[in-house]
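Got chain A sorted already, so can you dock chain B onto it with the hints?
As they're listed, the protein sequences go chains A and B.
Using our numbering, the letters of the first sequence map in sequence onto residues 1448 to 1658.
Using our numbering, the letters of the second sequence map in sequence onto residues 1448 to 1658.
Treat the hints as calculated values from the structure; they're not laboratory data.
Remember, predicted model here, so these are calculated numbers, not experimental data.
Which copy? The list can't say, so a pair holds if one copy fits it or any two copies do.
Straight-line alpha carbon distances no greater than 25 Å define the calculated DMTMM-like cross-link-like pairs of lysine to aspartate or glutamate that follow:
| # | residue 1 | residue 2 |
| --- | --- | --- |
| 1 | 1640 | 1577 |
| 2 | 1593 | 1525 |
| 3 | 1649 | 1553 |
| 4 | 1605 | 1454 |
| 5 | 1649 | 1558 |
| 6 | 1649 | 1577 |
| 7 | 1549 | 1503 |
| 8 | 1605 | 1460 |
There are 2 protein chains.
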Amino acid sequence: MRHFSIDTVSTWERFYRANFINCLSGFKSANLIGTVNKEGQPNLAVFSSVVHLGSDPALIGFINRPLAAAPHTIQNIEATGAYTINHIHPSFVAEAHQTSAKYPVEVNEFEAVGLKPLYIDNLIAPFVAESIIKYALQLVEIVPIKHNNTFLVIGAIKDILMEETLIGVDGFISLEKAESMVSLGLDAYFTTKLVARYGYAKPDSTIIKTD
Amino acid sequence: MRHFSIDTVSTWERFYRANFINCLSGFKSANLIGTVNKEGQPNLAVFSSVVHLGSDPALIGFINRPLAAAPHTIQNIEATGAYTINHIHPSFVAEAHQTSAKYPVEVNEFEAVGLKPLYIDNLIAPFVAESIIKYALQLVEIVPIKHNNTFLVIGAIKDILMEETLIGVDGFISLEKAESMVSLGLDAYFTTKLVARYGYAKPDSTIIKTD
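Chain A extracted, bound-state conformation (with noise of 0.2 Å):
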């Protein structure tokens, strides 16, 4: 096993060490997130930094880059509140992957992508419609990352559309089944493979394998 310091890594050259520290922290749910600006023009773009805070209430994050590299999604953000996180599929992965292009402010991302905008009632943001399993949510806080110029966009989940068929009888959602798709460093996705479920872990008993 080889040790490598960061000194070492901060050598390497900058795509090079890009994609190893990309990887190093692991596969990461793979996410379209959907926006407005004020004047209804629609946003899409691939993230990959979506993150559980907790479950009651019902809060999810996410990490936008800088601004100077990334400023439309937070900024639509911003500017209605609202925004959708649409799980990705192999059927329209390349296509989600393409969002990740540094398109003018003026472009619709669905359209230069080849995805359909899907609307819902009181809600401005649109859904990914060929998304099996998304969620709208609603702006709570934007935290700042003084270290590195990037936010934790704090949001609480308002709406949920999926296939009733993919929960379990304990709540579980299937995402092996929905073939949700997980991404690795900058441009890798991948399909799961179920190893094992196991109960809740107690001190004093053994580990069960549930499934």
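Positioned in the frame of chain A, the structure of chain B alone reads:
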């Protein structure tokens, strides 16, 4: 496709709702975080909330639950500034999950679940010897999230231990080959299967599948 409002979800039984909301945000990377308190007493706990914050500087975040629910890891990090993040693989996933049990503070989870601590020079926090990819961090900042009493713990990567053969020519790490796992909900663990890698997306180019 069914539309659930959060008002409906809020009426669901607590564990059913927790499973549902935890699954909704998607797959997460499955990691063990190793720490010690000021007396050198080790702690090891499974976390599914590691998030990439940036590659230069190389910053990683994770969400720590409220202090009343999960005090040991965050208190050790506050006390010592040092921690390790260790990928989880199928060969010890049951042991990794078992660290989620609420052991008393004096219990060393390495011993309780049967994993080996690994120490390197100039670092007081233990790695998990069995983990194929692992890295040590220095605390940068703990950001309180006031809406649900959780914390975003931000650290800078300092040392990386892994097999060099897992690193590709472009810096990409084959976590699929390493069988680094993803988790879902509260208790499910998965391996992954590559679907595609794409080129760097540009507005005027067709999506290119590189792998």
